[in-house]
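So the sequence lines, in the order shown, correspond to chains W and Z.
The first sequence runs 1 to 470 under the working numbering.
The second sequence runs 1 to 249 under the working numbering.
Honestly, the hints are just simulated from the structure, not real lab data.
Just so you know, not all the hints are guaranteed correct.
[Unchecked claim] Distance condition first, Cα-Cα at most 20 Å in a straight line; then the derived SDA-like pairs of lysine to any residue: (1) Lys-29(Z) to Gly-83(Z); (2) Lys-447(W) to Gly-145(Z); (3) Lys-113(Z) to Glu-430(W); (4) Lys-447(W) to Ala-346(W); (5) Lys-414(W) to Arg-56(Z).
Single-letter residue listing:
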Amino acid sequence: MKEKTYVEDVNRTVYDVKDLETEDKFFKVDSGLTPEIVEQISKEKNDPEWMKEFRLKSLDIYNEMAMVPWGPEIEGLKMDDIVTYVRPKTKMTADWKDVPEDIKKTFERLGIPQAEREALAGVGAQYDSELVYHNVKEEVAAMGVVYTDLESAMHGPYEEMIRDHFMKLVPPTDHKFAALHGAVWSGGSFVYVPAGVTVEIPLQSYFRLNAPGAGQFEHTLIIVDEGADLHFIEGCSAPKYNIANLHAGCVELFVGKNARLRYSTIENWSKNMYNLNTKRAKVEEGGRMEWVSGSFGSHVSYLYPMTILQGDNSVMEYTGITFAGETQNLDTGMKVVQNGKNTSSAVNSKSISKSGGISTFRSAVVIGKNADGSKSSVSCSSLMLDRQSRSDTIPAIEVYTQNADVGHEAKIGKISDEAVFYLMSRGIPEEDAKAMIVSGFADNVSKELPLEYAVEMNNLIRLEMVGSIG
Amino acid sequence: MSQCFLKINNLKVNVEDKEILHGLDLEIKPGETHVLMGPNGAGKSTLGHALMGNPRYEVTGGSIEFMGIDLLEENVTDRAKAGIFLSFQNPLEVPGITLSNFIRNAMEQRGGKKIRLWDYRKALKKQMALLNMDESYADRDLNVGFSGGEKKKSEILQLLMLNPKFAILDETDSGLDVDAVRTVSKGVEEFQKNGEGALLIITHSTRILESLHVDYTHVLVNGKIVESGDASLVDQINEEGFEKYLTQN
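Build out the structure end to end from the sequences listed, making use of the hints.
Put into structure tokens, the structure is as follows:
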């Protein structure tokens, strides 16, 4: 009677949907990375010459670079086993009914068509490494907004713009996985919002991994021009496989003068995934960058969205939540470099660890020597649901000016037995009571998300806590 | 043997390995209102929490029988579903769920079926009006940022909505101003009028009792009931305090 009950193990079957793939339908390259493979990828993608050279140069850097020196162990990740390029033999299509049936089923499980119907501006959903479904609503295109896949955009009028921006914020020399990304990147989105245009509804992309041993290296490049406004949503989920899976995507965001970009993402990778993702934004004068980030799933994550507040009076806001369950080691956080005068950054991070999960919040704030009058406040709270779980905070602050206001606040707590008792005393079952408390803890993040994503996130929390979606 | 409503027999309870209740006996019949008085630290709240099943309160001996079930075998949720309710002295703040959604969720859990939102909101509105609660509280997060008085009203609102068979009110009047005590008391009166619900009112003052019908009064000192009587015992304690019981021990 007095024995403490622990929350049951997670039932991920709702998300870990595995489709049967037959070899003849898909094209694969040999495992392991050689210049020949990279050239093959490049040819297959019909790259312009400069891109092919970029890939080969990145491969050289990849081969020379040491493994990243920070973060949790990634020994289980065997690079030579990872098939870097798998794509369905379907052409891109703008009509849902042309999408092959098995792929459609996978998407339907993830709610893509519903999301589409619910007035989302455009959907570019990536299946394995290639865009298979792509649709930009006419009214958005009519405003001059470009939302397409990066590959085809490289052959159009935006080639120069892409060349000027592609991997300029995250150069292949940044770290080993950035170099890998530069060599084998495939798929992803390109968005350009012209000056002064406000995109009223969010653009969203949904992609997932679906082949055993396949890496996913999608690249997202978003340019929001002067005075423009965009909300972009990325959400991920992947089915579960036995062998290690790697995700080394790259997101580059350019926020122009007085522009605003909100970038929201819920990542929910399967629990064998190594999610080594690099995201970076650069903000010009008076611009505003808002990150909303939910990290669920994956075996190991390295995820630290970085913002460079280059222009004076530029602003960054980061709201994030990380949920680390059994066998998970999620190393998340953020970095901000404030170069302009009177810049400000506000970070609000929550992390939850359960059943031996480890969550680490790594933050870095750098206030440059010319950033007079700049402000930064970082607040992170952690919730540990049992004694096996672990939560760490690793803050770094560097200030090179006399006139700056920098604050860091960290709180670590456990779920309150009294609160659980209070809820149970009204007839709520223990697991539901705990799920309610955890949802409440995550509330500031879900409030930042569009309704359907907030619902999805609450369902994810319930799924993690109770083992079912109610 | 006839089935009793609530029968507590020789109950011993430890808090952090220290025995607080040293063998307490109490019997309550349907619809009765019992008052439990006593000085600070006598173990009044301990009894309330032990009845509700708070795991911090360890029952080391005795029995609690409620409507034919052995309450000590049931967890907190099942005790609540069986019809027991505890109004907390310090209600907890739970962000992320509104007062309205919380009560509805609890009602659905207890009843095992969905409740129509329209009917529910109507009933909720009525009870909130009775408690002079601003309707906006319904859509605020459970007790978050509520004043002391509003938290207690929130407890009584839950009492009225959940309509349990047996409710324990733990110091519901403590820390309240005169008007708030009157309002809360009105809510409890409404619960008494509603029907069969029995009450155990834990208090060390008597303000909340002024307008309530009381059947029995018990005095708890040092973990034991030292005297029981009818409503007139309340007035006696009002005048004399607990002094004579303390010197006896």
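Task: Earlier hints that do not hold, by number - done: none
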